[in-house]
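Novice: The lines below spell out each chain.
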Amino acid sequence: MKAFADKLFLNIFHIQAADSPYLALWYVLMMFLVSFILLNFAALFAGIASYVERRIAARMQNRIGPNLVGPQGILQWLADGLKMFLKEDLVPQTADKFIFRLAPYFVFAGLFGAFVALPFGYGIVAADLNVGIYYILAITSLVVVGIISGGWSSNSKWALFGALRSAAQIISYEIPTGLSLMLVVMLAGSLSTQSIIESQGGWPWEWFVFHSPFTLAGFFIFFISSLAEGNRVPFDLPEAESELVSGFNTEYSGLRFLIYPMAEWANLWVVGAMVTLTYLGGWQIPGVRLETIPSSVLLFLISITIFFIKTLAVVFIVIQLRWTLPRVRVDQMTLICWTYLVPIALICLIGTMIWMLAFPWKSVFGTAIRILMSTVGGSVMIWCMLRARHNYVIDKDRFEKLKGIPAWYPPWKLP
Amino acid sequence: MKNPAKVNEAIRHLKPQAAPFEEEMSLNFGPQHPSTHGVLNFLVVTDGEVMHQALPNIGYLHRGIEKLAEMTPYSGFMPYTDRVDYLAAMFANQVFAMAVESLAEIEVPKRAEYLRVIVCELNRIASHFIATGALALDLGAVTPFVQWLREREFINDIMEALCGARLTYNYMRIGGVSVDMPGDLPDKILRFLDHFEPIIDEYNRLISNNEIFVKRLADVAVISPIDAVNFGLVGPNLRASGIGIDLRKTLGYSVYPDFDFEVPLGKGFRGALGDAYDRYMVRILEMTQSCRIIRQALEKIPGGEYRANVKKKLKVEENEVYSRVESARGEMGVYLISDGTDRPYRLKIKTGSFTAMSIVEKASQGLMVADLIALIGSLDVVAPEVDR
Chain A
1 MKAFADKLFL NIFHIQAADS PYLALWYVLM MFLVSFILLN FAALFAGIAS YVERRIAARM
61 QNRIGPNLVG PQGILQWLAD GLKMFLKEDL VPQTADKFIF RLAPYFVFAG LFGAFVALPF
121 GYGIVAADLN VGIYYILAIT SLVVVGIISG GWSSNSKWAL FGALRSAAQI ISYEIPTGLS
181 LMLVVMLAGS LSTQSIIESQ GGWPWEWFVF HSPFTLAGFF IFFISSLAEG NRVPFDLPEA
241 ESELVSGFNT EYSGLRFLIY PMAEWANLWV VGAMVTLTYL GGWQIPGVRL ETIPSSVLLF
301 LISITIFFIK TLAVVFIVIQ LRWTLPRVRV DQMTLICWTY LVPIALICLI GTMIWMLAFP
361 WKSVFGTAIR ILMSTVGGSV MIWCMLRARH NYVIDKDRFE KLKGIPAWYP PWKLP
Chain B
1 MKNPAKVNEA IRHLKPQAAP FEEEMSLNFG PQHPSTHGVL NFLVVTDGEV MHQALPNIGY
61 LHRGIEKLAE MTPYSGFMPY TDRVDYLAAM FANQVFAMAV ESLAEIEVPK RAEYLRVIVC
121 ELNRIASHFI ATGALALDLG AVTPFVQWLR EREFINDIME ALCGARLTYN YMRIGGVSVD
181 MPGDLPDKIL RFLDHFEPII DEYNRLISNN EIFVKRLADV AVISPIDAVN FGLVGPNLRA
241 SGIGIDLRKT LGYSVYPDFD FEVPLGKGFR GALGDAYDRY MVRILEMTQS CRIIRQALEK
301 IPGGEYRANV KKKLKVEENE VYSRVESARG EMGVYLISDG TDRPYRLKIK TGSFTAMSIV
361 EKASQGLMVA DLIALIGSLD VVAPEVDR
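Chains A and B, in that order, are what the protein sequence lines are.
The opening position of the first sequence corresponds to residue 1 in my numbering, with each subsequent residue numbered one higher.
The opening position of the second sequence corresponds to residue 1 in my numbering, with each subsequent residue numbered one higher.
None of these hints come from the bench; they were simulated from the model.
Glycine included, C-beta positions come from ideal geometry on N, C-alpha and C.
Keep in mind that the hints are not guaranteed to be accurate.
Said to hold, decoys possible - Pairwise CB distance ranges (calculated):
{"no.": "1", "chain 1": "B", "residue 1": "N204", "chain 2": "A", "residue 2": "P261", "range": "29 to 37 Å"}
{"no.": "2", "chain 1": "B", "residue 1": "E262", "chain 2": "A", "residue 2": "W408", "range": "35 to 43 Å"}
{"no.": "3", "chain 1": "A", "residue 1": "Y392", "chain 2": "B", "residue 2": "K312", "range": "12 to 20 Å"}
{"no.": "4", "chain 1": "B", "residue 1": "R166", "chain 2": "A", "residue 2": "Y392", "range": "24 to 32 Å"}
{"no.": "5", "chain 1": "B", "residue 1": "N230", "chain 2": "A", "residue 2": "A109", "range": "50 to 58 Å"}
{"no.": "6", "chain 1": "B", "residue 1": "R150", "chain 2": "A", "residue 2": "W412", "range": "19 to 27 Å"}
Stated by the list, open to error - One-sided and incomplete, this derived list gives chain B residues near chain A with beta-carbon spacing under 10 Å:
{"no.": "7", "residue": "E24"}
{"no.": "8", "residue": "N209"}
{"no.": "9", "residue": "I212"}
{"no.": "10", "residue": "F261"}
{"no.": "11", "residue": "G366"}
{"no.": "12", "residue": "A370"}
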């Protein structure tokens, strides 16, 4: 980021940034610019993700979903957001008004701060921190502060329930998240997000997820605990609408309420990007050496596209899970964490250490096992997709036979 | 609650200002709550997530249907019975019609009885859709509920083709049914059944065998057979505890003895006998049996009249009767006293949801708050049926 700012300064003003008296001003200006871009990206993603999620949910449930605002309803999220803006900002009479007003900012800061260290493509990251991974873990933990203080200050029992559940959940699941990230950190030998991606490769057998059976288990642990930290189904206990009315945000309205769901949807990107960069090879282009990427704009764009595709695939799976699974109970939630995820993560950690010593990355056996695992993993995925398609075709035929109208429309001809 | 004074005492006892123990918290669960299936109120005493007590507090949906009956002619009361249980209106129709028929000694034509069985079983399937789907919805899985709504829509279409209404049918009449079925309806129903029977397997794949779902319901809110009888549970809730009382078999009313079907019993499918999962699974299995009954009824249905010749202004001699049917929520009974005029002297409706509410207090002790929702959902309580 700093190097980029220096280079841009040189290109515009034709003097070295370090020689200029306006150096600090320039940096502050650039900082604001980058923050502006990142914030808008996160907010746009959150908005569009809300629309896409509703459309996917509608597809899964034989409904149409939002389709009136704009072409195909694509502006629905904007209408919803505007509506929220126009609502009265209600603060309950008995609430702790200061904390009640403050809480959404914690959520906002915690979630959007994570975007600073997330990469988007080769060399495209706002700050390539040398503690990037732990920075993201640390700053997303700020969300729980917002949720707890929001729930507590509402002075409502439902909100309090949600806040306490959230405290138990997010704090427990920090541990498996951290442990499963340790595997990747060990393999890459770095905490920086970019170096972790750079130490992987473009092909599936060069990703960390297929390094060994232990990292595969670590991948699933990380994915599950990411869901739990982001309050997604099956771990959406803090805002379980059928149990706690709306959970920690029951008493919120208007823009303050908007912050919570927006942070949740922005968190989808954080989950997707974290899974992609740690285990799924990040923006690495198959068959292209790292050194050749800076020489071509096309390769830059391809690397961004690859990162986006992988992230959005993970986001898609998270959305599908949300509309498929029921919710776990609060004791089951902690049970899953402490009796399964944490011990397994520890075993994986030790297992990966031994594996790294026994079968180094470039050794013949190590490569063979990686290729084998990626082949099996790919086949399982394709089998799952074919099975889903098979079931769907049967159901579609049955529906069409009964009703005489199509059960499904192609994406370019949505109703 | 038998004793209103006890309820009042409980409400006073639950006032937050006068909490008896420091560690306990009182919680007003409903009447405005997403998963109380209508307007129900539970006064919950919890210690964090663990419930110590949940007292059902009913009466928010009392409409005085029983009193209305005393001012309405026999034939005019039929639309009101729809509103007793809006998810399974046919059963209330049938039980009222049966009560008046046995009082006035009216012979119902065979075809009408078959038509009643067909619509009742269709209605049972539709009602179990909501019961099982809403249980999944309460546990956080939205899609199964909406999938069932799609299937329910077909049943609604069939009912609409039959009697013009989709929810409150007002189909039955004293001495028969209001209209004969259109000629293409048997074909329509059979097509629906062909479509629907494989869907049950699909639904089981989607949610019934889902491990999280099973873990949420198995061994939760276990109701022992003795408790089930003592608290007067009826219908699927009773059968889930392993007691095989189904009025279609034991009483054999209407033309049910003509059909070959089984009564699914709970046997601890995934956990203890009589847990929430059993209550859920019994309903799923009952749908298959209802399909069997409908198929047989469509095969055997005789021709002839669909309504007996009954005077419009029906006067019934002084007498009393208790008639009952196996509704989707268990035994539904009507106790009817006539006094020789054209309207009932007294009418009392006994419903399954009302007795199911009584066991909430006992079954909910020591559960988690989230399990209370599973308990209410698995008991399949419909608020208007509780209060009438």
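Novice: Could you run down the list of hints and mark each one as holding or not?
Specialist: Evaluation of the provided hints:
N204 of chain B and P261 of chain A have their C-beta atoms about 33 Å apart, which keeps the hinted 29 to 37 Å range intact. Restraint check, E262 of chain B to W408 of chain A: a C-beta distance of roughly 36 Å satisfies the suggested window 35 to 43 Å. Our hint of 12 to 20 Å for Y392 of chain A and K312 of chain B is violated, since their Cβ atoms are close to 54 Å apart. Taking 24 to 32 Å as the suggested C-beta distance range, the pair R166 of chain B and Y392 of chain A conforms, at roughly 28 Å.
Checking the proposed 50 to 58 Å range against N230 of chain B and A109 of chain A shows it holds: the Cβ atoms sit about 57 Å from each other. At roughly 24 Å, the beta-carbon separation of R150 of chain B and W412 of chain A lies within the given 19 to 27 Å, and the hint holds. With a least beta-carbon distance of about 12 Å to chain A, the hint placing E24 of chain B at the interface is violated under the 10 Å criterion. Below 10 Å, beta-carbon pairs count as interface contacts, and N209 of chain B has none with chain A, the closest being about 12 Å; its hint is therefore violated.
At its closest, the beta carbon of I212 of chain B sits 5 Å from a beta carbon of chain A; the interface hint therefore holds under the 10 Å criterion. Annotation: F261 of chain B was flagged as interfacial toward chain A, and the flag is violated, the nearest CB pair being 24 Å apart, outside 10 Å. This hint is violated: G366 of chain B has a C-beta 12 Å from the nearest C-beta of chain A, more than the 10 Å allowed. Given the 10 Å rule on beta carbons, the hint for A370 of chain B holds: about 5 Å separates it from the nearest Cβ of chain A.
Violation of the numbered hints given earlier is confined to hints 3, 7, 8, 10, 11; the remaining hints are satisfied by the structure.
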